[in-house]
Amino acid sequence: MTTVDLATRGPSTRSHDADAESGQNMARLLRPFASRFAVVVILQVVGAVAGLAPLLAVVELGRTLLTPGPVDHRHVWFVVIAGAVGLFVRLLFTAASSGIGHIVDGQVQLTFRRALAAQLGRVPIGWFSRRRTGELAKVVGEDVSAVHPFIAHAPGELVSAFVVPLVSLIYLLSINWQLTLITLIPVLTALLLVPLLMLPARLREQEEYDAAMGNIASSVVEFVQGISVVKAFGGSERAHRRFLTAADAFVSIFSRWVRGMSAVAAGMQLALSPPFVLLVVLLGGTSMITGGGLAPADLLPFLLLGLGLTAPVAALGHGFDDMQAARRAVGRIKDVLDVRSLPEPERPVAPKGHRVELRDVRFGYDDGHEVLRGVDLVLEPGTVTAIVGPSGSGKSTLVQLLPRFFDPTHGSVVLGGADLRQISSRELYRMVSFVFQDVRLLRASIADNIALAVPQAEHEDVVRAARLANIHDRILELPHGYETVIGEDAELSGGEAQRISIARALLADAPILVLDEATAFADPQTEQAVREALATLGGDRTILVIAHRLETVADADTVVVLDNGSIVERGKPTELLARGGAFAEFWQSHRSAIADEIETQDGALQGDEHR
Amino acid sequence: MIRLLLRVLGDEYARPMRRTVALMTVTAIAEGLSYALLVPVLRALFGDTPDDAWPWLIAFGAAVAAYAVLRYISDLSGMRVGTTMLRGMYHRLGDHLARLPIGWYNAGRVGDVSVMASRGLLAALGVAAHLLAPFISALVTPLTIVVVMFVFNWQLGLAALLAAPIVAAIQIRTARSTAATDAERHERDNEATGRVIEYLQAQPVLRAGGRTAERFQLLDDSLRDIERTSRRQTLSALPGAVGLALTAQAVFTGLLVLGTYLALGGNIGVAEVLTILVLAARAVDPLLSLSDIGGKLRGARSELARLESVLRTEPLPEAHEPIQPDRHDVEFESVTFQHGDRTVVDDVSLIVPEGQRIAVVGPSGAGKSTMLQLLARFYDVDSGAVRVGGVDVRDINSEVLMSRIAFVFQDVYLFDGTIEENVRLGRPDADQSEVRAAATAARLDEVIERLPGGWTTNVGEGGALLSGGERQRVSIARALLKNAPIVLLDEVTSALDPVNEAAVHEGIEHLMKGRTVVMVAHRLRTVQRAARIVFLDNGRIVEQGTHDELLGRGGRYADFWEVSAAGSGR
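Going line by line, the protein sequences match chains D and A. Under this note's numbering, the first sequence has 421 at position 416, and the numbering climbs by one with no breaks. Under this note's numbering, the second sequence has 452 at position 217, and the numbering climbs by one with no breaks.
Simulated from the structure, these hints should not be mistaken for laboratory data. Be careful, since some hints might not be right.
[What the hints assert, rightly or not] From the structure, some residues in chain A lie toward chain D, with a derived Cβ separation under 7 Å:
#1 286
#2 321
#3 469
#4 513
Quantities reported herein were computed from a predicted structural model and do not represent experimental measurements. Just so you know, even glycine gets a beta-carbon here, dropped at the ideal spot from N, CA and C.
Please take these sequences and the hints and turn them into a complete structure.
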């Protein structure tokens with residue numbers, strides 16, 4: 006239900022007032038749980054207050070027994086029973102409260118996770134490319150879990166930290182206000198020490214602490230990720246040393262921080278410790294009793310309830326770290342929930358045909374640094390357009406604009422006469438298919454993996470796509486054929502995974518195909534599969550390919566040479582070759598590399614012909 | 236728990252740790268004993284001569300002061316031990332990670348290890364340091380109080396003591412039942428994380444299929460599983476928490492009833508009963524906090540257990556009497572290697588004479604890269620032997636072995652630092668002209684010229700600021716600088732654009748000159764000129780020979796060549 010709420014909201018309103026918006030996001034997610042929270046809190050209040058009954062029973066018992074004269078046995082036993090009942094009520098209610106609290110916590114977490122998943126299914130795909138998948142998974146997993154103390158423990162802890170002491174305080178004041186004030190001395194002492202924990206020096210240490218922790222994390226990532234290089238080059242000393250240095254720095258900052266806090270913290274804890282509180286109460290009580298200002302029996306409630314008054318201050322420190330962590334986690338969750346999805350058109354336009362036009366397209370990931378500087382390009386249906394150019398020339402960015410991973414900062418991408426921004430995303434993804442890098446298959450059956458973009462596909466279609474992608478035979482070798490679950494029943498190699506993804510694209514049967522050759526060539530079979538697929542697909546399709554092989558370039562209808570974000574040459578490959586410009590140079594450098602190779606190879610073959 | 240902690244820490248920290256635990260125990264006992272003085276104080280106050288309370292009260296004050304001092308010392312000691320342990324653990328973990336075989340590191344491990352080595356370690360030791368004192372005091376202080384009660388009235392003391400075995404039993408039971416659900420939860424969390432990652436990576440395809448979050452069943456199922464497990468977790472923890480509270484409160488009620496009975500019967504002074512009830516109230520609170528502390532300690536415990544399992548992973552054994560190989564030919568003799576339950580390399584025998592080039596070809600997943608890794612001893616073989624210069628790699632000191640090998644990978648990892656630093660990694664003591672020469676030979680010089688900072692340009696974490704081809708040139712320069720007699724090339728050019736490919740080829744040519752080379756490649760043009768080509772499939776050598784021989788034979792290699800040649804339109 007919440008996901009639907011979110012989906013139907015006009016995305017255009019999202020831009021304004023992001024803070025208030027995100028607050029609302031969270032609030033809206035939590036609203037359905039309000040009544041359950043209320044139940045948790047009420048149960049907790051009843052339970053906690055009932056918990057005072059046995060202490061009061063002891064007080065009443067003392068008062069009765071200490072009163073000179075005959076003891077009313079029935080009254081005494083009534084008091085005892087009341088105390089026992091109070092304990093039982095407390096047990097029942099707090100257990101119920103905590104149980105329900107945890108269950109609600111689980112439900113809230115599920116809601117958050119679903120909302121995050123829905124949101125991640127809507128953000129611009131380009132947004133992912135600048136984030137690590139692992140970090141996002143952490144937001145959905147760990148960060149949502151870190152909210153646990155807020156939801157499951159906060160109500161209980163707040164009630165026992167504030168409601169119980171408040172009730173006790175009122176009761177004690179009604180008995181003797183002077184001794185109540187004395188009983189508060191330890192609490193006040195502790196409170197006076199609090200500002201010492203917030204000194205600028207302490208805060209600075211806190212910052213240093215965070216920085217040092219970050220440093221450890223990044224050095225260990227480098228250490229672990231680079232481990233093969235480290236080992237192969239005997240550089241283990243170096244990376245290793247960096248980790249240890251970071252760790253040592255952290256430990257010394259940590260101990261400085263701990264030392265800075267320790268005296269104050271110890272003072273606070275001592276002030277709040279039961280022996281000290283009892284000592285203060287007894288000193289005050291004894292002098293008042295000996296001075297005649299207090300009935301001995303009236304000392305009892307202070308001994309029993311006085312300790313509870315320290316709870317609020319103790320709660321300040323307790324779970325503070327957890328709460329901090331939870332707050333940071335909530336911040337990260339909000340960040341994700343606040344990402345603006347690419348605006349969906351209010352009245353989607355259906356593209357007519359699949360001619361693609363880029364009109365004076367400019368794009369930059371950051372302000373001030375343009376990756377594409379005014380690209381005009383037409384992709385005609387039934388043609389293959391090959392993009393070549395040095396790395397960093399903007400090839401990948403250019404092709405990513407077609408499936409609308411990003412919107413251009415200037416100019417427009419037009420598909421079948423409609424601006425991409427006016428085409429509904431569903432429609433767009435149906436028209437544009439792409440085979441990119443890093444194919445990760447889902448832990449699901451092969452058939453499901455191939456039919457991912459076309460869930461309603463017939464089995465024959467799946468098989469046909471697999472055949473075309475040169476993977477059908479391999480699939481039949483797997484333990485359960487097309488029903489084999491990848492990652493559980495069998496593992497596929499990188500090239501095989503690539504071919505599955507090609508089958509996927511073939512099945513999707515989109516009229517526009519975007520392909521990056523470099524990463525699609527894991528092995529010769531895959532390379533062949535791609536070529537055959539391109540040939541079969543041909544027909545009326547619009548194909549855009551980042552070409553890395555001269556063969557692809559030679560077969561293309563149009564070649565576009567990209568350099569530094571602009572098109573420097575375009576035309577048929579033969580024309581361009583004849584023109585002797587950038588493309589010809591590119592072609593030559595590549596040819597010569599291969600020619601060299603073949604030459605030396607002949608030499609080598611003559612040189613060491615043995616076996 | 237403490238035993239696990241000590242095991243993870245190693246012997247050197249055992250003594251200070253034990254001392255700290257002892258100190259904390261003494262502090263907790265002191266707290267309990269100090270309450271004994273409440274009895275005479277209250278007896279006097281509730282009796283006819285309240286003035287008699289003063290000397291006892293002063294004594295109590297002294298006891299509280301003593302407790303304060305003890306507590307401060309034990310806190311300080313805990314903190315000191317905590318930080319030294321932390322430092323020690325970081326070093327221990329770091330040293331261990333550096334010695335673990337590369338085979339141990341896979342994609343999933345990177346994340347696990349970085350969390351473990353940063354926050355995880357702190358959480359494990361921090362919780363141990365912060366929660367140990369409250370835990371000990373929550374256990375020991377009530378016990379001491381019960382002993383004090385015994386001294387003043389054996390009946391009441393006995394009644395209170397009844398709680399001890401029940402509390403212990405509940406603690407143990409809870410620990411056991413929650414451990415199971417905790418483990419299940421951990422598993423569900425991992426499962427869901429995997430699903431989220433899949434979901435993110437497959438976004439474009441999923442969106443094309445119109446599968447948004449609520450319609451992507453796989454993800455939603457795993458999210459719901461988490462909720463279900465967390466519900467089960469709650470339910471399994473509840474009996475423990477309730478049981479503990481029930482016991483504590485039953486005992487308190489029992490004391491209340493018994494005390495009232497004894498007092499009404501005149502068997503005990505009213506002051507004593509009241510004091511004992513005040514003491515009982517003192518004992519109940521820490522007991523109730525036990526379940527809370529226990530839960531947190533269990534959390535730290537699982538973190539510690541993860542640490543321990545890493546520390547227990549054996550690094551590859553070092554030879555006791557290392558042998559220095561004096562030649563640089565390479566030999567695989569009946570090598571079999573398994574990864575999990577899959578045989579990756581299956582009875583492979585191969586000899587590469589010094590200075591010869593050999594190419595390993597085959598479909599992906601055939602075990603080609605694994606062969607290179609076995610040669611560099613990233614793993615040890617399961618049977619057979621890999622030899623360099625006639626010496627089993629297991630008998631060669633690992634530093635020596637590495638100094639003989641230059642390994643160029645398909646994916647190049649560069650360290651966050653300048654280009655120069657990354658090249659120098661090959662041979663840290665190389666002089667300026669050698670570094671420059673290596674760069675020129677790898678055609679890295681033209682990359683450097685283009686970069687704004689030249690040699691001092693920072694490459695970013697993992698080399699993110701350079702393109703794949705540029706990174707590859709850095710790694711070749713690095714290998715050239717290293718000048719090792721054996722060169723291993725793992726699919727070096729398979730993912731490069733033509734310009735970079737040409738440059739990288741040139742660099743590799745320089746690198747291979749006069750050295751023993753084992754290369755894995757699938758771009759068949761690059762392997763044609765190898766002295767011998769080995770065709771690997773499913774971990775076995777199915778064919779070997781020169782390019783022409785193999786073509787003539789019309790076997791697997793010839794098929795492969797056909798496919799490749801057809802593809803390139805030749």
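The hints, checked one at a time:
| no. | hint | in the structure |
| --- | --- | --- |
| 1 | 286 | holds (5 Å) |
| 2 | 321 | holds (5 Å) |
| 3 | 469 | holds (4 Å) |
| 4 | 513 | holds (5 Å) |
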